[in-house]
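Taken in order, these protein sequences are the chains called Y and W.
Quick note: the first sequence uses the working numbering, first residue 1, plus one each step.
Quick note: the second sequence uses the working numbering, first residue 1, plus one each step.
Don't read these hints as lab results, they were simulated from the structure.
All residues carry an ideal CB built from backbone N, CA and C; glycine is no exception.
Errors might be hidden in some of the hints.
[Stated by the list, open to error] Here are some, though not all, of the chain W residues that point toward chain Y, as calculated from beta-carbon distances under 7 Å:
no.	residue
1	Y104
2	Y139
3	A140
4	R142
5	T172
6	A176
7	S185
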Amino acid sequence: MASLAHPQQRQFNPYSENGGTILAIAGADFSVIAGDTRQSEGYSIQTRYAPKVFRLTDRAVLAVNGFAADGNMFVKKVKQRLEWYRHAHAKDMPLRAIARLIQTMLYARRFFPYYVYNILGGIEEDGTGAVYSFDPVGSYEREACRAAGAASSLVQPFLDNQIYFKNQRPAPGTSHPVHLPLPTVLSIVIDSFTSATERHIEVGDGLEIYVVLAKGRNLQGLEGIRGMQELTVTEDGERVFVVRRELKKD
Amino acid sequence: MDHFPTNWGRPRNDAFDAYATHPIHQRPYNGPKDTFADGVQHTQQPIVTGTSVLAIKYKDGIMMAADNLASYGSLARFKDVQRLHPVGQYTVIGAGGDMSDFQYIQHILEELSISEISAQDGHELGPVEIHEYMSQVMYARRSKMDPLWNSLIIGGFKDGKRFLSYVDLLGTTYSASTLATGYGSYIAQPLLRKAVEGYEDTLTEEQGRKILEDSMRVLFYRDARSLNKYQIATITGAGVSISDSLHLETTWSFAEGIRGYGAQTQ
């Protein structure tokens, strides 16, 4: 029986889950950050184009996945903090500092969390490609690759196998490479998303792949990629590119 | 962890405290001291509700449709309610969900418009700004666990650009060339997508009206909280225009022949 002491109320649920998947892979001198563009709720597709991957600076790209309203608000606040940093220090915030900033901002909401998984990719100050992944309350680590979101359970094992060579034995007298070349990484990313689209109903419609190249790195492996567009204006710093592809819409 | 042992429960042996003097002290309370705390009801539920809003992009701008019904549960309570509301010269906001919350939204947008006009700085709020403002309001209210219980579609046309976007009680936003709220998202959205996607720049006003009318008719046949009286708004380079109430023509003669649908003779 319902208690009479307190008025009975239906609880309002301030969260929702908007599907989609993101992933990022770090190379020796580049970083690739990708996400699909479908936004859904339940069995309904809300829109076929809602970006989940955002360029923060010329060397940092952030992918957000989970509750879309929280994600958009979080990205907005991170961008705001980065702008303040630029005004105060006349330079862009370094990647590892952005990572710590994100952890602090997420943990600040420990008791009413942003229901969002974040993956930050870009170029470190020493010129290496980096990926940082976060949980919704701010636990984070630097990794070589990470998948998050609706199809993370499909994609992460694939990346473990293809990037970390888990359960693979190198041919006698050889060893596994520590970093993969850019064309290989791009193929793995595209295959990950076409496969996730086949097997997960919340993944599909469009694919956005951001590529961040370290300072001075040539375009090796990017030339001739279909649907590629440069987002940076100068060639003497880190460079950011985006590749847009279609995914199946069913 | 409760650090006050006296809150852990009464001793098991009644002989130890036969007169119920235990616990001795009160557990300190450091929360806000509001005499009427039990009376403050944040989380509500929608009471008088509107159903679907539909919207499409077409050649000249944006077209939106909503019926004139405000329901009180299953009771068709108010049958002459306008759910398409103009804001400024470039924007229309259409609402489903709680109608008193919608009236409050109309009120805050009116206040916003007044303060913007008062500035006399030559700036005018377009659909982009109205949508951004509403999404921040809706998200802020959901974060206070005191949501405005609506699904809003904001459509407009300013500086030669069409704009069509959605925001709801959770602060979730998205835009697409066709949008629908409530039951419309299940029933009308597939029809709208089939008719509009890929034809956004060629659809004429006449074709757009036909698509929306047909969709509103399907909704009236299947959505038990809908009405055959509706309005259509167009937002184009020429400005905002919201029609008078229109009547949906429906056919029910087919029901006669379906057993279990119309009156049964045996």
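Verification of the supplied hints:
1. A cut of 7 Å between beta carbons decides the hint on Y104 (chain W): the least distance to chain Y is about 17 Å, and the hint is violated.
2. For the restraint placing Y139 (chain W) at the interface with chain Y, the shortest Cβ-Cβ distance is roughly 6 Å, inside the 7 Å limit, so the hint holds.
3. Because the smallest distance between the Cβ of A140 (chain W) and any Cβ of chain Y comes to about 10 Å, over 7 Å, the interface hint for this residue is violated.
4. Taking 7 Å as the C-beta contact cut-off toward chain Y, the hint placing R142 (chain W) at the interface holds, the least distance being around 5 Å.
5. The beta carbon of T172 (chain W) comes within 5 Å of a beta carbon in chain Y, closer than 7 Å, and the hint placing it at the interface holds.
6. Here the hint on A176 (chain W) is kept, as its CB sits about 4 Å from the closest CB of chain Y, short of 7 Å.
7. Taking 7 Å as the C-beta cut-off, the interface hint given for S185 (chain W) holds, the closest approach to chain Y being about 6 Å.
Violation of the numbered hints given earlier is confined to hints 1, 3; the remaining hints are satisfied by the structure.
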